[in-house]
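Residue strings, one per chain:
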Amino acid sequence: MTTAAVDDVKLVVADWISGKVVGGRPIDEHHPLLESGTLTSMDTLELVLFLEERFAITVMDDDFVQENFASIADIARFVTAKTA
Amino acid sequence: MVPGFTLGELLTSAAERAPDAPAIVDGERTLTYGELALWADAVAGSLHDLVAKGDRVAIFMEKSIESIVAMLAVTQVGAAFVNVNPALKHAQVEHIVQDASARVMFVDGERGDGWELPTVETVVHHGPAPGGSWATQEMVTVLAPDVPARRRRSIETDLGTILYTSGSTGMPKGVAFSQHNLVVGARIVASYLRNTSEDRILSVLPFSFDYGLNQLTTSILVGATLIVQHSRLPGDLLHGLRRSRATGLAGVPPVWSLLLRSASSLEAEPLTDLRYITNSGGRIPQASLDALRRLLPATSIFLMYGLTEAFRSTYLPPDQLDRGSDCIGIPIPDTEILVIKDGRECGANEVGELVHRGPTVAMGYWGQEEATRKAYRPNPMASPELLGVERVVHSGDLVRREPDGYLYFVGRDDAMIKSRGYRMSPEEVEGVLVGSGLVREACAFGVPDEELGHRVVAVVTLVDEPPAEALDLIRRHVIDEAPPYMVPSRIIAIEELPRTASGKIDRPAVRTAYGGDVHAG
Chain V
1 MTTAAVDDVK
11 LVVADWISGK
21 VVGGRPIDEH
31 HPLLESGTLT
41 SMDTLELVLF
51 LEERFAITVM
61 DDDFVQENFA
71 SIADIARFVT
81 AKTA
Chain F
1 MVPGFTLGEL
11 LTSAAERAPD
21 APAIVDGERT
31 LTYGELALWA
41 DAVAGSLHDL
51 VAKGDRVAIF
61 MEKSIESIVA
71 MLAVTQVGAA
81 FVNVNPALKH
91 AQVEHIVQDA
101 SARVMFVDGE
111 RGDGWELPTV
121 ETVVHHGPAP
131 GGSWATQEMV
141 TVLAPDVPAR
151 RRRSIETDLG
161 TILYTSGSTG
171 MPKGVAFSQH
181 NLVVGARIVA
191 SYLRNTSEDR
201 ILSVLPFSFD
211 YGLNQLTTSI
221 LVGATLIVQH
231 SRLPGDLLHG
241 LRRSRATGLA
251 GVPPVWSLLL
261 RSASSLEAEP
271 LTDLRYITNS
281 GGRIPQASLD
291 ALRRLLPATS
301 IFLMYGLTEA
311 FRSTYLPPDQ
321 LDRGSDCIGI
331 PIPDTEILVI
341 KDGRECGANE
351 VGELVHRGPT
361 VAMGYWGQEE
371 ATRKAYRPNP
381 MASPELLGVE
391 RVVHSGDLVR
401 REPDGYLYFV
411 GRDDAMIKSR
421 GYRMSPEEVE
431 GVLVGSGLVR
441 EACAFGVPDE
451 ELGHRVVAVV
461 TLVDEPPAEA
471 LDLIRRHVID
481 EAPPYMVPSR
491 IIAIEELPRT
501 ASGKIDRPAV
511 RTAYGGDVHA
521 G
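Read top to bottom, the protein sequences are chains V and F.
Heads up: the first sequence begins at 1 in the working numbering, then just goes up one per residue.
Heads up: the second sequence begins at 1 in the working numbering, then just goes up one per residue.
Simulated from the structure, these hints should not be mistaken for lab results.
Be aware that one or more of the hints could be misleading.
Unchecked claim - Cβ pair distances, simulated, as ranges:
#	chain 1	residue 1	chain 2	residue 2	range
1	F	110	V	24	24 to 30 Å
2	V	30	F	90	21 to 27 Å
3	V	67	F	90	25 to 31 Å
Unchecked claim - Covered stretches of chain F, going by a simulated chain V footprint (3 or more residues, C-beta under 8 Å):
#	region
4	236-244
5	259-272
6	299-308
What the hints assert, rightly or not - Here are the simulated SDA-like pairs of lysine to any residue, each with C-alpha atoms no more than 20 Å apart in a straight line:
#	chain 1	residue 1	chain 2	residue 2
7	F	89	V	84
8	V	10	F	89
9	F	89	F	413
10	F	341	F	323
11	V	20	F	101
Computed from a prediction, not measured in an experiment: that's the story for all the values here.
For glycine and all other residues, C-beta sits at the position ideal for the given N, C-alpha and C.
Just chain V, with the same shape it has in the complex (with noise of 0.2 Å):
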């Protein structure tokens, strides 16, 4: 995967969650998610199933840890691993 990938999904998700989650507001891609309480657990629930379909991956039980889905960031960074 290309830099250019990682920023695509970046994009991606960003548009997600601020279309979704909180109102059209532009997000930080080093914004603490869940720390900050931006994005519920619930609210993970349904963006792993709009991952899955969007980028054609499985989210392995084992995958779906705070690591993984901390910041935008690191949501691009282990969907694109995922894709690779």
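Position chain F relative to chain V; hints supplied.
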């Protein structure tokens, strides 16, 4: 032997019985009962000159070893702890702290930095000191075995804690619990879950919630180990259960959705240590219950029902699960449940209000005489010669009892919203919406949702000449000013809200017109 009438005595007793037994596990840290009792005493010593007997001390912290030490220290100094959900924002915290007139507040992670909380004179902080118009004091972190005990004696009729919860109207009210309520609540639950010192209880719920607090009190009662679980993401939750070899887990319906995401792992490698799970805070979807029964064949599943006003009320024994998830079971030990309609007890299968009688009936709503009189009433079945001294709790929940004694939940006929286990009144949500400055009037209500209990929906009218992205701006405001469970899944703007003949907002009409398609928007 230390008597076990107060939470403080339960702690002292556990520490004397087994000082080296693990009490709390939080990440990589383990604290023994001996260490926990000493640390609580040390912090109590540091509070001695700040708080008087019966004072309320707010604890606005993440669930952690420190927040547990804070609660126990407040208890040992003869004061009452007021746990504030760390997900709350300034407006909700201010309401609670002010209502309880807490002069001392514990915080962590710079929580409350730059806020104004008029009653608070001293902030005890773990981590950086939050800026504000208060004195700050760092939370004592050293375990000092030679700290002179400066406990204040409590008795079981003293105020132990205040837990804030909402009703069908107005702002959250504080439910006042005596030390007796706390201890007897622990004894009752531990008796039917058969908790022992061998148990390792995974704690995923906040301590600001009666049911979440109950895991801590039962654990201390029996000298079990409480494992603090921070992340609820499915992989972390499963990892937490496996790593701690947890024997008990208490959850609200969303917790089961998260656990069941790991169905294939649960199937491949069953949780053999998990002796029981308990659900409360809302009806578990029948499909989730069926899946849990299949995936956790060695685990007893207890469906519980409780209202904060009486701590815990009923439970369904695991061998009765075939009755389905609408069944709330039988009264907890030492408790009687009456089903009342028009002041008399209902016959079999007749729908009436659940009325709770027993030692977990709380002291009432803190400072709210009218609301207390309404919910806490004299026992209608008691002899008049007893002069109406005993009070029972009217729950507002409609139930029916089958001829064999099992109770079934029917519903509520008021406007209370219950989402993800949290209770809120429509006004709380509406107040935050109007606070955005873009909403003229708002009408919020709950729409039934299998997983969440209710989804919050809000219908609003906008101020004159609203900006184009008004709905987005309103949503952002709510996210900034309210906890996640209060954020509407849908905000709908209309021209005028329907009114009743007397000019009030016609809530049933709004609900009928806009309560349908909740997934869009």
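Here's how the hints hold up against the structure:
1. F:110 <-> V:24: 24 to 30 Å: 28 Å, holds
2. V:30 <-> F:90: 21 to 27 Å: 24 Å, holds
3. V:67 <-> F:90: 25 to 31 Å: 30 Å, holds
4. 236-244: holds (count 3)
5. 259-272: holds (count 4)
6. 299-308: With 0 residues closer than 8 Å to chain V, the region 299-308 of chain F misses the three-residue bar; violated.
7. F:89 <-> V:84: 41 Å, violated
8. V:10 <-> F:89: 28 Å, violated
9. F:89 <-> F:413: The hint is violated at about 29 Å.
10. F:341 <-> F:323: Between residue 341 of chain F and residue 323 of chain F the Cα gap is close to 24 Å, so the pair fails against 20 Å, i.e. violated.
11. V:20 <-> F:101: 38 Å, violated
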